[in-house]
Amino acid sequence: MTPRDYYGWTRCFALFRGLEEDPVIHAFYELLKDPTPESYALFVHELYETGNTNWTRYFREQVLSLETGCVKLASRQKMIPAVMLSAAKTELYALSEMALLSPGFFDIYGYKAGYTVEDECSLYPLWLERVSSVSRHGFGAFAKWHMFRLEADDRTDAGYRLLPVTNPDPVKLSDLVGYKRQQQEVLDNTQALANGAKAANILLYGDAGTGKSATVKAVANELRDEGIRLIELNKSSLHLLPGLLDELAGQPLKFILFIDDLSFRENDDDFAALKAVLEGSASTRSRNTVIYATSNRRHIVKETFQAREGDEIHRQDTMQETVSLSERFGLRVYFEKPDKALYLQIVDSLAKREGIREKDLVKLAEQFALRKAGRSARAARQLVDQLAAKDKGGETEC
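Reading the sequence shown from the start, the letters are residues 113 to 510 in this note's numbering.
Treat the hints as calculated values from the structure; they're not laboratory data.
No false leads were mixed into what you were given.
Derived lysine-lysine pairs resembling DSS-like cross-links, with alpha carbons at most 30 Å apart:
#1 Lys452 <-> Lys471
#2 Lys284 <-> Lys347
#3 Lys292 <-> Lys452
#4 Lys502 <-> Lys471
#5 Lys284 <-> Lys471
#6 Lys502 <-> Lys475
#7 Lys464 <-> Lys449
#8 Lys284 <-> Lys502
#9 Lys484 <-> Lys452
#10 Lys464 <-> Lys475
#11 Lys452 <-> Lys464
#12 Lys464 <-> Lys284
#13 Lys145 <-> Lys201
#14 Lys484 <-> Lys449
#15 Lys284 <-> Lys256
#16 Lys387 <-> Lys449
#17 Lys449 <-> Lys502
#18 Lys347 <-> Lys484
#19 Lys201 <-> Lys184
#20 Lys347 <-> Lys449
#21 Lys475 <-> Lys449
#22 Lys201 <-> Lys256
#23 Lys145 <-> Lys224
#24 Lys464 <-> Lys292
#25 Lys464 <-> Lys502
#26 Lys256 <-> Lys310
What follows is a set of in silico ranges between Cβ atoms, one per label pair, in the way DEER data are often shown:
#27 Arg465 <-> Leu212: 38 to 46 Å
#28 Gly355 <-> Glu179: 15 to 23 Å
#29 Lys504 <-> Lys224: 39 to 47 Å
#30 Val195 <-> Ala225: 36 to 44 Å
#31 Asn164 <-> Cys124: 22 to 30 Å
#32 Gly355 <-> Ala225: 40 to 48 Å
#33 Asp269 <-> Ser245: 24 to 32 Å
In this text, a Cβ means the ideal position worked out from N, Cα and C, and glycines have one as well.
Take these sequences, add in the hints, and give me the full structure.
Following this line, the structure appears as structure tokens:
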């Protein structure tokens, strides 16, 4: 087989034609088409740009996560026709061979940057396994990453893009000290979502720095392998929620739509957008999505001086409106500011994890809390980070 022979195979692909949209694979196909020093260098450059040097491993993951007609049928729990399975087997046989093409296969004169390949690659059985577990792994971008950001983009038909968070916060529930009851409530609700049971929208509210956002991200990390994905959006993107919900309804995975530090002012258009989604969610929302929001206040809407000074009917209407939004969240979880005992427990636990031995730790912790306008889990984390930096010779304010 020559490079041109392999390139001819790629022109015949029906199921896996979408692979060519990947920049590395596109460059590889161009190398097969015309093996020159320049096309070889461009392929290796694209591979390096992804942080990979193992071609087999990279290629295998792109093949297994590709959104194909077979995967779409499997995600809807429909039978895959035999003719499609036959096509998949044939194409995957060819792709398995291409995954093993080493630098030595290409007869190119002069310098060749290196990359590695594995000794064997059999994609068809791996692909069958992935298709059978599509409800846990998903497909496309959702198979590669588990956290995303929603970004408005008028250049797309949907009006937005989902951008993967390639380096997500790795926080685990075991990293978080205190607030175990609150964390368990969020975990239990999300576990129900993962299991396909009815799950509630959650409002996590309370003092700043108490670990509300960290709890949501830790739960998403904990249940990643059970099909949970997190999509973070800001308040200005709330009008995009209906379209996003429609798109996600066809996905086999389960999604947390996460809105951090949520608050509104009166007559805020975004308030109406979220309320509309929450009001409709009880009857029409798919069971594969929930909305989790954090806020420093239970009723979310900031009351203005004018609202307090208005007539009694207007004031009552405003209060009822603000209360009604928070009531739309089926579960409301309160994170209170830690008392002295819990704050010192958090400081002590974090200090021990960092290997910090400080005889005046309690005194330092209380002084630090005063400078930070109060005790909080965030203040405890900042203190320990500064003490760790001090141990390494850095400058701190401790």
